[in-house]
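Trainee: Protein chains in written order, with my numbering: chain H, 43 to 355; chain A, 12 to 709; chain Y, 36 to 318.
One should not assume that every hint holds.
Stated by the list, open to error - For lysine-lysine, the following BS3-like pairs were computed, each having C-alpha atoms within a straight-line distance of at most 25 Å: (1) H/K270 with A/K84; (2) H/K126 with Y/K177; (3) Y/K177 with H/K165; (4) A/K84 with H/K165; (5) A/K499 with A/K579; (6) A/K106 with H/K270; (7) A/K50 with A/K106; (8) H/K165 with A/K106.
Derived from the structure by calculation, the hints contain no laboratory data. Computed from a predicted model, the values in this text were never measured in an experiment.
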Amino acid sequence: MLAFLSKRMALLAFTMLVVSALVFAAFEFTPGQVARKVLGPFATQDQVDRLTEELGLNRPVVVRYGEWLGNTLTGDLGYSTLYKTDVNKIIGDRLQNTLLLAGIAFAIIVPLSIILGISAGMKEGSFLDRSISVASIVTTSVPEFASGVFLASIFVIWLGWLPGTSPLDTGTGWSIWQQLVLPVCVMVLYDLGYVVRMVRASMVEVMTRPYIRTAILKGLNFRAVILKHALRNAMIAPFTVILLQLNYLVTGVVVVEAVFAYPGFGRMLLEAALAQDVAVVEAGALFAVLISVFTQIAGDLGYMMLNPRIRFS
Amino acid sequence: MSSATAATMDRPQAEGAKRPILELRNVSISYFVRAGELKVVPNISLTLYEGEALGLVGESGCGKSTVAFAIMKYLGGAGRVTGGEILFEGRDMTKMSEAELRGIRGGRMAMVYQDPMSSLNPVITIGKQLMEVPLIHSNVNEAESYKRAVQMLKEVNLPDPEHIMTRYPHQLSGGQQQRVVIAMALMAEPSLLVMDEPTTGLDVTVEAAVLDLVAQLRKRHNSAIVFISHNLGTVVRICDRIGVMYAGELVEEGPIGEVFRDPRHPYTRGLLNCIPTLNADKRTRPLSAIPGQVPPILDRPKGCIFAPRCPAAVPERCSVAPIPTETYGSSGQHRVKCVRMEELPKHERPGTSAAPANANAAQRHDAVLTLDGLKKTYHQAIGMFGGAGYDVHAVDGIDVAAERAETLAIVGESGCGKSTLAKVLTGIELASSGKVTLAGKDIGNTAVENRDGDTKRAIQMVFQNPESTLNPSHTIGYVMERAISKLKRIGGKAARAQVDDLLRTVNLPLEFANRKSRQLSGGQKQRVAIARALAGEPELILADEPVSALDVSVQAAIINLLVDIQKKRGSTLLFISHDLSVVRYLADHVAVMYLGKVMEYGSVADIFAPPYHPYTEALMSAVPIADPDVKQRRIILEGNVPSPQNRPKGCPFATRCPRKVGSICDDTQPPEQVSESGHRIACHIPMTELASVTQVVF
Amino acid sequence: MANDGIIALTWNRVRLLKESPIGMIGAFLVIFWIVVALFAPLLAPFNPNISNMDALIDPTPSAVNWLGTDNQGRDILSRIIWGSRTVLIVAPVAVFAAYVVGCLMGLIAGYYRGWVDQVVNRIADILLSFPAIVLYIIVIMKVGAKATNIILAVIFISSPQIIRIVRGMTLELREREYVAAAKMRGESALYIMLVEILPNARGPLIVDACLRMGYTTIAIGVLGFLGLGLPPPDPDWGGMVKDTYAMMSIYPHMSLFPAGAITSLVVGFSLLADGMREISIRD
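Just chain H, same shape as in the assembly:
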């Protein structure tokens, strides 16, 4: 277990190093572009050159990467040219907002997908199964911006129950909770179907296993067969997938945040990338990778705990 963890940690460090270097290289534009961004279109070329000099942007990329790496390791993520503040601060704020959104969505998705997936998978081909399966396929196929449009037309324009934007600002007259409803709905709709299908597929597979037959022919009733014999086996395979959803929910929500003008992590990444704010994109990418790798490790650990075949090997 310890060997496993240390190996994964080393891999994590390696991946983050590569990713940061890649991002750095990707944003390697002509010198002066960054300074131009900061100073705006009306600054003279002389001013731009001076700022470039000042920021040290005319030095070779490797040197600047090394410097950035050093700063990052000491906890200083740099200065955002877009938000005009420390990257640490902006990331902290935005990540907090996104975690709120992601947390609520995750808390809905997990129990709901397990219940739906198990109910669909316990009798393959039944009416319930077909209904849940087709519904899952359809909901995951609706792009987030499209379901945003659909939901907004119903609940914002037609019924007027909810706000169309969610800036997390109570000045609009809507409470924070009302503002969260639509973004959460879009995320759940888009993501739920996928997890449901994973759980269903695993459950269908488990139900064909001879040990389920053994349980039935022992004289157990259907409920006991499902709860005692099928459920735990059916959760082994989708466990990792379920945890990986955290990854999507935190870092993949750019579209939802853009649709609802939500001040979150994803929209920050988008805006920073469009504004070529390297420091923010770098830091954002690192956090994204960190979250992604940690959910993977947690998924693998959970998988090992659930599965005695691996636990005792």
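We have chain H; now place chains A and Y onto it with these hints.
Mentor: Same frame as chain H, now just chains A and Y:
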């Protein structure tokens, strides 16, 4: 005591006094699939009395497992009992509610399954799985059910039952798992035990121990048994009566002795004729395969279902009206479904001889293949994620030679290293040390990609699994053409011209060239595989369990084909098998392997007569023989095959050997004793003493 | 020819599809949009890029503009019809390109194993640990928003996943006895990978390709919606939603119709994939 005599004595003497446990009256079973209704079992009737054991035998697809599950009233989503009555203890199962069925299943009626590993829930401890049974059926508390579970584990001879209770299924060996399944079935003292191929897939020594256990428990618990098997030998060991099924019908049924001594249905006769037994070989007794194939369910012939394949069929009598099942002989218990049963001559079992004829022991040929101290060691990493590890000596120093135009059999149970040996010979793995000499060239350290064209041509292989031996995306013609063109190093066009010859060699219709493997039966696929191996006219054909996945009637045909081809072409056959009966039939020389070492090597005559290596002796005593008149000395092997990483320092067999001398066996590698005829035995017991035992099979 | 081509094998599967009603609905939707894209010049009533200033007064659906006009007075129906071309050219090309890369790398990694596998796996891992959308943004930012660059971005996102699938199947299929037989008669590694292994991995790959067409359609729409899609004025469904989203509270039809169009196409691909999967299980 021979199990055959035991079976004879146990047969119920006073039929009238016994009460029927299970009666199937005109039961029909269908599966409903997209194509329509498949009448898998059109009409079956049978009766099982208290404490009696009935064996249902037949080849795959004959409906025997369907009958077994119909008895449990469990046919899955698509299956249904469409007619008749299934009376269990006098009550009709087909009319019971789910709740009533639950009360019976696992209680009065329990089941033992094929493949115990997958029948046990992998994430629940053995203890919990066992305790469920009394908790459901006996209305007792946790403590009491724990006590009963431990008690039952003791009864099935599992060591340290308290410890086993805390284990998960994957932590037990196959034999232990099957004991657990049996224990689970017996937990509620059922009056009927349905066993579906309970020993299929287990090694022969483990199988023998499980069968002995079943025979013991049967007496102690007085449960009636329905024993489903494709192996007639196991039925002889366990059962009082036998029912032979063919294409969904019960064609013959009766007491074991009567059916085996005087089989009346031509299918039963055919089946008996195509089973190789431990006491016959290719010189003394030809195997006769049953021609043709089982008819598809939607296209069954009118009248007798076996008529199209039957050597005794008379069309105007057999293929007109449905054939009734009638009683034969004086016992009143032998029932046969054949219009000609009275007029058929008495069945002569093909000649058997206790001491095998040893036709070519004297004449030695030059060796085609020689193995000198061949070793293959794998490095096994510990745990999932690398780090330190240990070495597994899969093949640990083998010296044998295969002569021109002869068959050398390598025989052993799983884990003995026979498959690793095949991989090294084919060049898919490299030898760790030692030499493999093929036609004067050392090829042990040349990977298959680096072998020269002639070496590739000279050694070809026939594989075990008909389902994976042919690429499902390719046609048979393409497979053959490609093999000819690569191995003979000729162009595609010239190769195509030779495809027909090759198909003829393996007795396949020429139009098969356009078919794909999924349109072929298992036997036909193996024929194609043999043809593919023959494409370059190899000196050595390596056959790794080529018939173990086939039904016996098909198996006989493939074995005959191999014998035939060898006779015609003079090729050498290296035949790897776990089945001593087949080896006895086919081989000229035999090497018996255990944990990577050759324990005994000699001509087939030497191997199957004393002196025996204690392991060979135990193997022979374990093989189930489909003949109640053949007697076998019983030798029970304790324990499991040790895992290759912690095998004994001395003799690999020391941990299980019933004739162990003392600590010398554990500590010192046994010397190899060689007789004049070249018979080699690796054992601390002197050859003369080993020779003083009697025949195992007589 | 004794050896059937992949195309013939795929066609067999398509013919079987009529047994799956769900798959048929999917196929209908996909074929509908393919036909629309093919005949766009004939079907579109107006030039998609010409503004009709009169329509700006009342852009709602009318007898002339069946689906109404957008914020610049352009006919929405015509823009949706022409927009289908963008998606149905870029998505298949992008998915095909991702498959060429993914299959080759996956086959090589799974067949050779060892360090080759390690290296390929590491690269795939790193690409996969980027959130897809961030990777899209970075790639598009770096190379600019052009159709070829969208394809490039799809290759980056999709091929690691294809590599995983193909590698997994190769690891399993390479142990088949027919592969050993091919080695024993001296076939080259390339022959074994392409002729012995790849055709037998087609079942899951066809299903995946179909799903992936859907994902890619979504991705193209999302890029358009985020303003990273094809440069204006050519119509693209995601971009159409983006341009009009601000006006939703007054003229919801401007966003609803393009959103409906993209949804129906993606749902089509997904249902088709499900039908294919159902058939491949029965096969």
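Trainee: Each hint should be assessed against the structure and marked as holding or not.
Mentor: The hints, checked one at a time:
In summary, the hint linking H/K270 to A/K84 is supported, as the alpha carbons are separated by about 22 Å, within the 25 Å threshold. With a C-alpha separation of about 23 Å, the suggested pairing of H/K126 with Y/K177 holds against the 25 Å cut-off. The straight-line distance between the Cα atoms of Y/K177 and H/K165 is roughly 50 Å, outside the 25 Å bound, and the hint therefore fails. Under the criterion of a C-alpha separation no larger than 25 Å, the hint pairing A/K84 with H/K165 is consistent with the structure, at around 18 Å.
Distance hint between A/K499 and A/K579 is fulfilled; the C-alpha atoms sit about 20 Å from each other, no more than 25 Å. A distance of roughly 28 Å separates the Cα atoms of A/K106 and H/K270; the hinted pair therefore is violated under the 25 Å criterion. Between A/K50 and A/K106, the direct Cα distance comes to roughly 20 Å. Compliance with the 25 Å bound is thereby established for this hinted pair. With a C-alpha separation of about 23 Å, the suggested pairing of H/K165 with A/K106 holds against the 25 Å cut-off.
Comparing the model with each earlier hint shows violations of hints 3 and 6; every other hint is respected.
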